[in-house]
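Student: Chain by chain, the residues:
2 protein chains.
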Amino acid sequence: MEFKQCLKERANFIENILKEYMPKEEGHQKTIIEAMNYSLSAGGKRLRPILTLEACKIVGGNEADAIPFAVAIEMIHTYSLIHDDLPAIDNDDLRRGRKTNHIVFGEDMAILAGDALLNYAFELMLSTSINKENPQKYLKAINEIAKASGIYGMIGGQVVDVQSENKEISKEKLDYIHNNKTAAIIIGCMRAGAIIGDATEIELESITKYAKNIGLSFQIVDDILDIIGDEAKLGKKVGSDIENHKSTYPSLLGLEKSKEIAYELIDEAKKSIKLINKDIRFLNGLAEYIIDREY
Amino acid sequence: MEFKQCLKERANFIENILKEYMPKEEGHQKTIIEAMNYSLSAGGKRLRPILTLEACKIVGGNEADAIPFAVAIEMIHTYSLIHDDLPAIDNDDLRRGRKTNHIVFGEDMAILAGDALLNYAFELMLSTSINKENPQKYLKAINEIAKASGIYGMIGGQVVDVQSENKEISKEKLDYIHNNKTAAIIIGCMRAGAIIGDATEIELESITKYAKNIGLSFQIVDDILDIIGDEAKLGKKVGSDIENHKSTYPSLLGLEKSKEIAYELIDEAKKSIKLINKDIRFLNGLAEYIIDREY
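Residue numbers (my numbering), protein chains in the order written: chain C, 9 to 303; chain W, 9 to 303.
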């Protein structure tokens with residue numbers, strides 16, 4: 009099967025499991041759950057859950073065991089977007105062509121819906137793990153997600169990103185932001201999937217390197233698309249980084265050099281998973297897709 | 009030892025372990041960690057962590073095993089206060105006589121500091137549990153905390169509270185708010201402590217009933233103190249519920265009937281732990297303290 013078709017099918021699969029795992033919009037909690045599900049069902053590439061399941065499968069694990077983790081990681085990603093969009097942070101009215109959460113549900117509900125999604129992600133991972141045969145393995149996997157989404161991961165990157173607004177920053181600081189705001193969660197979800205799949209140390213190390221490299225490359229491509237991308241395809245305005253005087257790979261190193269680095273990282277990613285003795289075609293395809301994507 | 013002295017010593021013990029477990033204010037994350045620790049070190053009764061440890065101890069468990077959970081529960085309580093105080097929710101400038109988090113660190117950092125505390129609470133519980141002898145027990149305990157703080161617990165209560173502002177609500181709805189916004193976390197932290205302490209089913213049931221009763225009574229007393237309390241002792245303005253047209257126990261049932269119910273709940277709480285064959289003096293004292301407190 010062609011890679012793009014395969015990616016589409018997996019994204020559809022994720023859409024279905026998301027629907028299945030979303031809390032029911034009923035009872036006293038109706039409104040907050042509507043707010044959670046509104047953003048959770050807003051589409052997107054669903055890369056993180058796809059990578060969670062693939063990491064589990066590629067080391068010989070049972071994909072089904074990783075499903076609650078795939079859902080949880082998308083909930084965490086979604087909560088971070090809801091809070092990012094708030095008036096006090098990025099003040100965005102549109103996301104993926106739809107009104108942002110606080111525009112539809114109000115700022116108070118958007119704050120609480122974000123909190124609720126983060127909390128629910130843990131509820132889901134924990135409640136589905138307590139009766140498993142190897143509870144320690146699941147504790148380890150949940151721990152990977154928790155580390156990746158906290159102050160030494162995603163939130164840490166987001167904070168420095170917020171603090172760097174309208175400031176020229178060093179490449180070191182930019183790398184810190186990209187590695188934490190974006191790559192940490194990609195690393196965390198793939199490590200969690202691999203741990204659930206009983207990865208060997210070597211497999212876990214290979215997958216970690218792959219995730220780190222595609223994560224940074226993904227963010228550099230985002231920076232590039234904000235300059236040369238097609239607004240219609242991206243579903244958002246381009247040029248916002250320049251408008252906000254944001255330091256990016258292109259602003260610090262130029263467009264050509266940025267592309268070059270993005271390609272090198274993808275090569276590194278592909279190299280690192282060669283050690284895995286399984287069918288790595290999907291992960292190779294995904295690495296190439298990340299750099300060739302138009303949105 | 010007199011109960012009040014004992015409570016004070018335990019609160020001091022909690023202050024010390026909080027300091028020990030707080031993340032270090034260094035690196036790129038310095039500001040966000042300062043914001044987290046600012047609110048975490050703002051004092052308060054520390055009831056939830058005290059109850060976590062006592063629940064573990066009273067069933068014969070090793071208190072030390074529950075310490076990360078006691079810290080985590082106070083982090084979750086603190087994050088909920090930071091987000092409650094935000095301009096979009098309660099818009100409070102002062103909390104426990106100190107400026108609220110967003111006044112000191114800005115609204116963006118306060119949102120992220122709240123997120124970070126919730127996430128860090130899970131990081132702490134998970135990372136300290138992965139190498140324990142009985143990982144399933146710890147998974148169950150973390151799951152109790154996660155359930156208690158989510159949409160079917162604390163957040164659920166908070167949402168309905170926000171939605172009920174300036175509205176007359178039914179006693180059923182008020183009970184839902186009190187039971188979820190306040191009691192759920194008290195139940196969750198005591199159940200987690202008891203599970204870590206290897207409670208029997210009967211002990212767990214007794215502790216759950218105790219927590220449920222003191223939790224609701226605690227909130228009714230809060231409602232009462234907002235009418236008859238001493239501002240200096242409370243460290244906050246009284247009369248805010250009336251000012252905000254908030255439905256409370258006194259507004260729905262009158263002051264005397266509310267006191268009566270609060271006392272009945274405390275009696276129920278004390279009755280429910282009689283089944284535990286251990287030294288229950290501290291929990292009895294605490295139940296009485298909850299109703300006799302002046303702040």
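Keep in mind that the hints are not guaranteed to be accurate.
Identical copies go unnamed one by one, so any copy, or any two together, can satisfy a pair.
[Claimed, not checked] Here are the simulated DSBU-like cross-link-like pairs (lysine-lysine), alpha carbons at most 35 Å apart as the crow flies:
hint : residue 1 : residue 2
1    : K140      : K175
2    : K53       : K148
3    : K282      : K245
4    : K107      : K140
5    : K65       : K145
6    : K65       : K254
If you're looking for bench data, these hints aren't it; they were derived computationally from the structure.
Student: Hint by hint, say whether it matches the structure.
Tutor: Okay, the hints, checked on the actual structure:
Taking CA atoms no more than 35 Å apart as the test, K140 paired with K175 passes in neither setting, with 49 Å inside one copy and 46 Å between copies. For the homomeric pair K53 and K148, the shortest alpha-carbon distances inside one copy (27 Å) and between copies (33 Å) are both at most 35 Å. In this assembly of identical chains, K282 and K245 lie within 35 Å of each other by CA distance neither inside one copy nor across copies; the values are 38 Å within and 65 Å between. In this assembly of identical chains, the alpha carbons of K107 and K140 never lie at most 35 Å apart, being 40 Å within a copy and 46 Å across copies at closest.
Proximity of K65 to K145 under the C-alpha cut-off of 35 Å is found in both arrangements, the shortest distances being 16 Å within a copy and 28 Å between copies. Taking CA atoms no more than 35 Å apart as the test, K65 paired with K254 passes in neither setting, with 38 Å inside one copy and 53 Å between copies.
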